[in-house]
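Number of protein chains: 2
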Amino acid sequence: MTKNYKLKIAYDGTRYSGWERQPGKDTIQGKLETVFTRMIGAPKEAAGHEDQGGVEIIGAGRTDAGVHARGAVANMHIDTDFSEEEIRDYANHYLPDDIAVISVKEASDRFHARYNAKGRSYVYTIFDGPVKPIFNRKYYTRLELGKDSDTGKYKELDVDAMNEGARYLIGEHDFKSFCGNPHMKKSTVRTVDVCEVRRSKGYVYLNIHGTGFLQHMVRIIAGTLMEVGLHRMEPAQVGEILEAKDRKVAGPTAPAEGLTFMSVDY
Amino acid sequence: MTKNYKLKIAYDGTRYSGWERQPGKDTIQGKLETVFTRMIGAPKEAAGHEDQGGVEIIGAGRTDAGVHARGAVANMHIDTDFSEEEIRDYANHYLPDDIAVISVKEASDRFHARYNAKGRSYVYTIFDGPVKPIFNRKYYTRLELGKDSDTGKYKELDVDAMNEGARYLIGEHDFKSFCGNPHMKKSTVRTVDVCEVRRSKGYVYLNIHGTGFLQHMVRIIAGTLMEVGLHRMEPAQVGEILEAKDRKVAGPTAPAEGLTFMSVDY
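Top line first, the protein sequences correspond to chains A and B.
Heads up, the first sequence is in the working numbering, so the first residue is 1 and it goes up one at a time.
Heads up, the second sequence is in the working numbering, so the first residue is 1 and it goes up one at a time.
Hints listed in this document are in silico derivations from the structure and should not be mistaken for laboratory results.
Which copy is meant is left open, because identical chains are indistinguishable; a pair holds if it fits in one copy or across any two.
DSSO-like, lysine-lysine: derived pairs with alpha carbons at most 30 angstroms apart:
#	residue 1	residue 2
1	K138	K25
2	K245	K118
3	K25	K105
4	K8	K153
My request is simple: use the sequences and hints to build the entire structure.
Shown next as structure tokens:
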């Protein structure tokens, strides 16, 4: 009997072309579909195609190439005799060492990882201190700011200014200026309820939570707030950028490596 | 004027042929000597050769290919106008992103990172839980132990047994059985004052501190204690292995990736 399973997934996105399955490319969805299609004994070519007997994974959100996840959520309808734990263990045994299935839980038949998601949270991590951390170097964006020639002190992001700018983004807004897809036809209105920056041990973390995010939205927000933190933009400009509804006035898209998809709530 | 500098260094050893400089190979010492030789304006070929005007780095201990360090210590005699901080920042700017100089401090002329070291500490990290951690996957050794067919529970290393075995190693002993170099001519007597195993969040850590270590010694100890933790050896056998003074009776050399050189005391 076919059951619907909810999966919690972690991945290091460094060597992947993002979440979404693409022919001839290594993607997270592609790897998962391949492993689970093998698990149910369907032919390799059916992976990603439920109508051909393969496994199709529905993700809560697509991530770009190079973006990481600690708590991505997906679901899949499969017919298997394996227990939840056995499904998880099978996946972790056959998945590459940079993708892990953290948990597998049977869900109601109607559970849909994308449509039912009420909120998503991301963390964007920056390191702006003088001594680069090496062990987690693939998971943050490094800013080498050097010393201030007047004070002789190491320059660092102005977190207070970043938070002042971040506050303009909280609420329901048209985030067109923060959308990386210039051909977006659908609504670019989204609700962000948490957008805050904090500093801890040389790292600067941007925590963001909202109902949903446009393509590159978190990275453009991070890139814009970095401009504010570097005093290249005033905090109030973030409000003006929102109003402009024009991608060209926002800051650059911050590098993918600093972004981690943290969790999804239902 | 030539000064003696003490360096604290961190590295991810994954892609290196160990600490020691070797022609044509990427090594930690080699990378450091190249960068500092460049810093003082000496020709590239002089790196590692003080007598040719290059910089020679004296490390507190050599690590094998694939072994990591969080607090390795070295010293070098150089003539530079740079401040301690400038030396550190120069190095971190030009070193690859998997090696970092954490600090640079002027030391007395007679300070020698190897001869003056009174103790060294290492951590060997094992993960034996069912869900593989992915972000730090290069820094632990994974044991996939599966489930016990009788109890249906996930098997895990017996940390109490490992600690019972570890206690035999504490004190001054001839560690010949734990020496990876079969041609070792010098004394194989060493003193280990800390050797303990603890479990935390699915990881098993072997903490070891001693005056000095033979080639592969920590990894052979880890490999032997893993045999004990898997109940393939009795804890008391560790004492017998010591007495045998024969590498063949000890456990296997545990993989390099799980080992991290933590600190040196003077």
